[in-house]
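2 protein chains.
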Amino acid sequence: LDNTALHEFTDILVFLLHADPNMVNAGDMNGSGNLMDFLDEPFPDVGTYEDFHTIDWLREKSRDTDRHRKITSKSKESIWEFIKSLLDAWSGWVVMLLIGLLAGTLAGVIDLAVDWMTDLKEGVCLSAFWYSHEQCCWTSNETTFDDRDKCPQWQKWSELLVSQSEGASAYILNYFLYIMWALCFAFLAVSLVRVFAPYACGSGIPEIKTILSGFIIRGYLGKWTLLIKTVTLVLVVSSGLSLGKEGPLVHVACCCGNFFSSLFSKYSKNEGKRREVLSAAAAAGVSVAFGAPIGGVLFSLEEVSYYFPLKTLWRSFFAALVAAFTLRSINPFGNSRLVLFYVEYHTPWYMAELFPFILLGVFGGLWGTLFIRCNIAWCRRRKTTRLGKYPVLEVIVITAITAIIAYPNPYTRRSTSELISELFNDCGALESSQLCDYINDPNMTRPVDDIPDRPAGPGVYTAMWQLALALVFKIVITIFTFGMKIPSGLFIPSMLAYHHHDWIIFRNWCRPGADCVTPGLYAMVGAAACLGGVTRMTVSLVVIMFELTGGLEYIVPLMAAAVTSKWVADAFGKEGIYEAHIHLNGYPFLDVKDEFTHRTLATDVMRPRRGEAPLSVLTQDSMTVEDVETLIKETDYNGFPVVVSKDSERLIGFAQRRELILAIKNARQRQDGVVSNSIVYFTEDPPELPPNSPHPLKLRRILNLSPFTVTDHTPMETVVDIFRKLGLRQCLVTRSGRLLGIITKKDVLRHMAQMANQDPESIMFN
Amino acid sequence: LDNTALHEFTDILVFLLHADPNMVNAGDMNGSGNLMDFLDEPFPDVGTYEDFHTIDWLREKSRDTDRHRKITSKSKESIWEFIKSLLDAWSGWVVMLLIGLLAGTLAGVIDLAVDWMTDLKEGVCLSAFWYSHEQCCWTSNETTFDDRDKCPQWQKWSELLVSQSEGASAYILNYFLYIMWALCFAFLAVSLVRVFAPYACGSGIPEIKTILSGFIIRGYLGKWTLLIKTVTLVLVVSSGLSLGKEGPLVHVACCCGNFFSSLFSKYSKNEGKRREVLSAAAAAGVSVAFGAPIGGVLFSLEEVSYYFPLKTLWRSFFAALVAAFTLRSINPFGNSRLVLFYVEYHTPWYMAELFPFILLGVFGGLWGTLFIRCNIAWCRRRKTTRLGKYPVLEVIVITAITAIIAYPNPYTRRSTSELISELFNDCGALESSQLCDYINDPNMTRPVDDIPDRPAGPGVYTAMWQLALALVFKIVITIFTFGMKIPSGLFIPSMLAYHHHDWIIFRNWCRPGADCVTPGLYAMVGAAACLGGVTRMTVSLVVIMFELTGGLEYIVPLMAAAVTSKWVADAFGKEGIYEAHIHLNGYPFLDVKDEFTHRTLATDVMRPRRGEAPLSVLTQDSMTVEDVETLIKETDYNGFPVVVSKDSERLIGFAQRRELILAIKNARQRQDGVVSNSIVYFTEDPPELPPNSPHPLKLRRILNLSPFTVTDHTPMETVVDIFRKLGLRQCLVTRSGRLLGIITKKDVLRHMAQMANQDPESIMFN
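Line by line, the protein sequences are chains Y and U. In case it helps, UniProt numbering puts the first sequence at residues 1 to 766. In case it helps, UniProt numbering puts the second sequence at residues 1 to 766.
Hints are not guaranteed to be accurate.
For identical chains, the list gives no copy identity; a pair is met inside one copy or between any two copies.
With a cut-off of at most 27 Å between alpha-carbon atoms, the simulated DSSO-like pairs for lysine-lysine come out as follows [what the hints assert, rightly or not]:
(1) Lys-311 with Lys-84
(2) Lys-593 with Lys-70
(3) Lys-725 with Lys-311
(4) Lys-593 with Lys-725
(5) Lys-593 with Lys-311
(6) Lys-76 with Lys-593
(7) Lys-593 with Lys-269
(8) Lys-574 with Lys-70
(9) Lys-574 with Lys-84
(10) Lys-574 with Lys-383
(11) Lys-311 with Lys-746
(12) Lys-593 with Lys-74
These aren't lab readings, by the way, just hints derived from the structure by calculation.
Next comes chain Y alone, as it looks inside the complex (with noise of 0.2 Å):
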C-alpha cells in the first residue's frame, strides 16, 4: 500500500469506528496537512437512531465487526484484556442464560397467579387465601379424584357470605361476585396499561415482527412495559375474557430480552445484534408459552424474524431450552412435565381417517379467514370511529358480556386451558367429566380403551349443546376481544373455539362403529387447522402441537391439516391475522412471504420523478458550511448523497443528516475558524487556501464511501430483493455512473401498495 491508500484506509477505518476517541479532523490553516486538531470526543449519539426508523443492518453489521476486531487486537496485549474478550465472547449465551431464566420464572408465575385468581372469581381458600382450588384440596388431603368439589377448605362466596351453597340466592350471588371480580380485574388492567405502559396492549406480536425487522419503537420493550404487561396479563386473563396468554407472553419474553441485552454494550450499542437478542427471547416465549421449545425455535424463525442467522438459531435453541426447563423446576401444573396438555393415545390413526383431517384443515382455513376479516373490520372501526376514544370503557362492557354469558355454562366459566386440557384428553376410567358420562357396564368386563363403544349417557348430550353454544359464543366474542387496549393473545382461544366444532360433529359420526376414532385427536388436529388459518403458520404450529401434547404418532394428521387449512385460508387473502395487524397499523415493514411480481423498474420508483425539483445534494468540495445547513433545514431527508460536483454528477458517497447536524454543530463549538462560509470537503486532502480564506470543514470521516447503488434499469423486484435481504434503508440510482435518484424503505413499500391497489399514504407510522 502507498501512502496515498494507507491514509485513504485511516479515513475509512476512523468513519467505521466512529466512537474514536482522537478522531483526526485535520484542519490546518496553512494546509500543511502536518499540524491537526483533535476533538476531545466523539459526537454523542453518533451510530444511533431517531425513534420510528429504520436501522440500516448492514452498517450495524459492520460496526460489530469493527467492535470485535478491537477486542480481538486489543485482546493480545494483557491477561486483563484477554479475559475481557473471553466474557464478550461469552457474553451472547449469558443474556441468552439470563433471558431463559427470567422468561421461565415469569411465565410460571403468570400461571401460578392466573390459577388462583381464576379461581378467586368463584371463592377462596379458608386454610392459606393464596392457594387456588386444586391446590387447597390438594393439601388438604380429603379429596379423591371424584369429589374435586367438595373439599371443606374450598368455600364459594355464598358460602362464605350467607353460609348457603346451593339455591337460587347462593347461585345469584356467586354469579354476581363472579361478574363484580371479572370486571374489576379488567378495569384494573386497562387502567394500568393506560396510565404506566400504553404499549402494553395487544398481543405485541405484529409490533415485535416490525421491530424485528428493523423498526425503531422506542419504549416497546421497556422496563415498564415487561412490568405493566406481567400485571396486566395475570389480570385479563383471569377475568375470563376470551383471550390467551401466549401472544403476550412473547411480548414479555422480549421485554426481557431488551432489559438484558441492554447490560451488555455488545448489545446494546448495536440495534442489529439486539435484534438477534430479540430473535432468540421470542423461541424463549414460545417455549414456555407452550412448553414447546422446538415449536419455539421454528416460530421465531418462521413466524416473527426478519434476519434469522445461523448462529441465532443454536442461541434461540439454548435460551428456549433453559426457559423451558425453568419452567418446569417451577412446575405450575404441578405434572412435572414440560407439557400443558400432555395425552396419551394408544390407538394408531388409520388411512381413512385422513380424509376427515383434510376437512378439518379446510373449516380451519375458513375459520381463519373469516377470523381474520372480521376482526379486521372491527379495529378499522375502532380505529376511525369514536369508539377508539372509549377504550376503559369497551374493555368493562366486553368484559361484562363475557362473564354474563360465560358464567351460566360450565365450558366457558373455567378456564380455557383446564377446558382444553379435558377436550384433548381421552375419557378413562377415572374421569368424571360430563363429557365421559357414558353408561358404564356393570360387568366392566371390558378394559378401559374400549370405552366409546358404551353407548352415551345423557351427560353427553348435555355436554354437546353447552358445547356448541360456548363454540359460538366464543368464535364472536373473540372477533371483538383481540385487538382491546389490553393485553391479548390469540392462540387458546382459536384453538379451543374450533376443538367444539369438531367434537360435535365427529362425536356423533363415529359413536355408532365399534372401531372408533379417537375424538382427542380430532380436537388436537382440529386445534392446528384452527390456529393454522388464523396464524398461517406451518412446520412451527406441527412442532408446537404436538410438543405440546406428546402426540408423536400423530404428525402425519396434523400436517395434513395444517398445509390444507393453509391453502384454503391463502385462498381468500395471504395475509394472516399478524400481517394484517401490521397492515392495519401502517407499520413499515417488508413482508418476506410477499412475492413482487410487477415489470416497474427502479427509475420508477425513485425519487426525484419526472418534474420533481432535482435531488438535494452535496458536492465534495464547493459547499459552505452554511449552503449545507441551508440544506438541511430547507428539507428532511434522513442523508444526502455526495457527488463530485453538480454537473458531474458522479456519486462519491452519502453522509447522514443526523450525522451531519452533529459535525456541524460540534465543529462550530469547537473547532477555531469553522464559520458560515467555511467550505465543506468531503474529499481526502483539502488543496491549498488562499491565506485569508475561512479555516475549512473536513467532513470525509462521516461520509459513507460504500453506498448502496443500482442502476436505473434494474427491475424492482430485484431492489425489492435486495432492501429485504441486505436490510437497507436507502439505496441510490444511477445511470453510467451519474447519480440519478434515490430509493428509501418507504418509496419501496409506498410502491408495493400502489402495485397493490392500495393507498399508498397508509404505508406510514400512525
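With the hints as your guide, set chain U onto chain Y.
For chain U alone, kept in the frame of chain Y given last:
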C-alpha cells in the same frame, strides 16, 4: 412514459425474457430505425450455464418472474391458457407429490432389499428365497419370540450345503461364505459405480450442498446416478461395511427431485427454481431415512440448503410428509409405525442426570473432532498418493477386513440398525437379548419395570466385552470407509459408535443404585451427541432423534447434549464433516456459517490488481466485431463490463461471454452485412452511419443493464455478505462512477482462503 422510455423498457424486457422468439434485432443500413430484421429463433442455450460454473441467482429469479408474468397475462386470453396457468401454479405441489412418492417407494424397496441381502450372507429361506430371515420365520408361524433362530424354513448355508448346523467346520464354512458374499456385493457395487455412474459414490451431501449453493455439476443428480446409487447402496449396506444409508438416501431423493423437475419447464429451464425443488427433495430424503418428516425439513434448512424461502419450507414439509407416508404404507419394518427405533420409556429423568448428559455431549464433541481429523487426513492421503489409483482394490480390502473381524462378534455381524434398535430399547420381560440377561428372581413378584435392580447375569458381562470390541473396531473402520468410491453414509455408524461407549461407562455406574437410570436413554443421548459432533447439526438433530425414537419427554437432555457437543467440537475446528469434505474437494462453496471479520476492502480483492494489465472491457459504440472476437479469444473471463468509452470508464452494463459468442456467431450466420469490421453497438440507437460503412451489430439485448456494483471502499465483509445473500456470480467495483475492477465469487473464496492462511489455489473444482 414517453417514447424513449418505452423503447428502453421494451429492450430490457426483451433482454430479460431472452427466449422471445421474435427478438428485435434492429440493424438497418439506412439507420432509419423502422426496418428491423428478425431472427428466426432465439439463440440456443441462452440462459443456461456451463458445467462447473456458478449460477446467478438474481438473474434466475428475474427470469422466473418474467415467465410467471407472461403466463398470468396469457391466462386472460382463453380458457385453455387459464387452465395451463393453473397447472403451472400447481406444478410445484405436483412435483413435491411425485418426489415424495418415489423417494418413499425407493426407501421402502432399499430397506426390504437390504434386509434380504444382509440375511443372504448367512443363509436362505427355503419356503421362498426372497424372504429375509425375519419374514421367513414370521410366515412360518412356528416361532415364539424366544427361538427366532430355530425356525425350520431358514437354513444357514452350512445346513444347506453340508447338512451340518453346528461344529467347527460348519462355522468355518459359514464364516467363509459370509466373507465371500460380502466381497461379492462390494465388488459388484464398486464396479457398477466405476463403470456407469462415477458420481454415485460417497454420501453425496457435500456435493448437494455445493449444488444447492448455485454450482453446476452436470450428471451429479442424473437418472443413471439415481439408478446406480440405489442398487449399489443396497449392495454396500448388505456387504456389512461400516456405513449408513442415510446420506445416500438424501442423494437418491435429490436425484428424484432433479428427475421430476426436468419434466416441468418451470423448473427444468430455471436453475434457481430447480434448486428449490432439490432443497425439498433433500428434506424428503431425510424424512424417509429416519422416518422423521419434520427433522427432514429442518435438516434441509439448517444443513443443506442455501436459498430457502418460506415457500420452500412449506413445500419441503409436504414432500417430507408424502415420502414418510409412502414409506409407512410400504411398511418395511413390519410395525406400522413411521419410526424405525420406536422406544417407550416411562421413567422421567432427574436433574442430577443433566451432568452425565453434558458429559456425553463433551465426549460426542471430542469423537466428532477426532473422526473428522482422521477421516480428512486419510481422504487427503487417498487423493494425493498412489492409493487413490486402486479404488476397487481398496474397497475389496476394507470389505474383507470388515467381514473377517465382524463375523466372530455377534454385535458387528448383524446389521447396524438391528443393533441400534436393541441398544435403544429397555430390557423387557420378553427380551431374549444377551444384554438383558439379568438373573431372574424366581418368585417374580416385582413388576417388569424393576428389572435393572436384579443382579446382572454372565451374559451382560460377555455382551459388554463384545460391545467394547465392536466400538473400537467400528470407530477405526468407519474412518477408512467414509470417502471410498462407493455410496456411503455416516449417520448410523457414528450413532452406533457412541452407543457402545456410553453403555460401557454407564452400565457400570448405575447398576448398584436402586433408582437406576434408563440405559436406553443414555444410548439415545450419546447418539445425538456423537452425530452432533460429526455433523454440527443442533436443532434438526434433536428433532430427528426424537422423531426417530418417539422420546418426546427427553428434549432437554437431547438439547443439552447436542449443544455441548457442538461447543466442544467447535472449539477444535469450525468445520463439520460435510464442510470438511467440501473444502477437501475444493468446491466453490460460500458457507453461510463462516464469518468474515477481516479489514480488507473491495479494492484489495478486485482484479486487476496494482501493476496488472487493465480490466478487459467493451465500449458501447466504438469496437468492431473483430475487436470483440479478439478480446474473447485472448481472455477466458466469463463476462465483460461495457463502458461508455475507454477514457471515461463510466459503466453501462455487463455482457456474458457465452452470450456474446452466441450472439456474434448467430449474427454472422444470419444477418447480412455483419462482417469483421462492423461496429458493435450496445447503445439504444446507433447513430446514422455513412452509406458505405458495414452493417452495425446491435447487442443491447444481451447487455445486462443492471450489473451489481460496489465502491472500492466497501469493506470486504459487506461484499461477502452481498455475495452470500444475493447469490451473485460477480460484482463490479467503481469509484465515483468510474469502473475500477471486478470481483468474482472465486476471487471472494480465494481471498477468504488467503485470510485464513490457506492455499488460495485450492479453491477450484478439481
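*Unsatisfied constraints (hint numbers, rising)*: none
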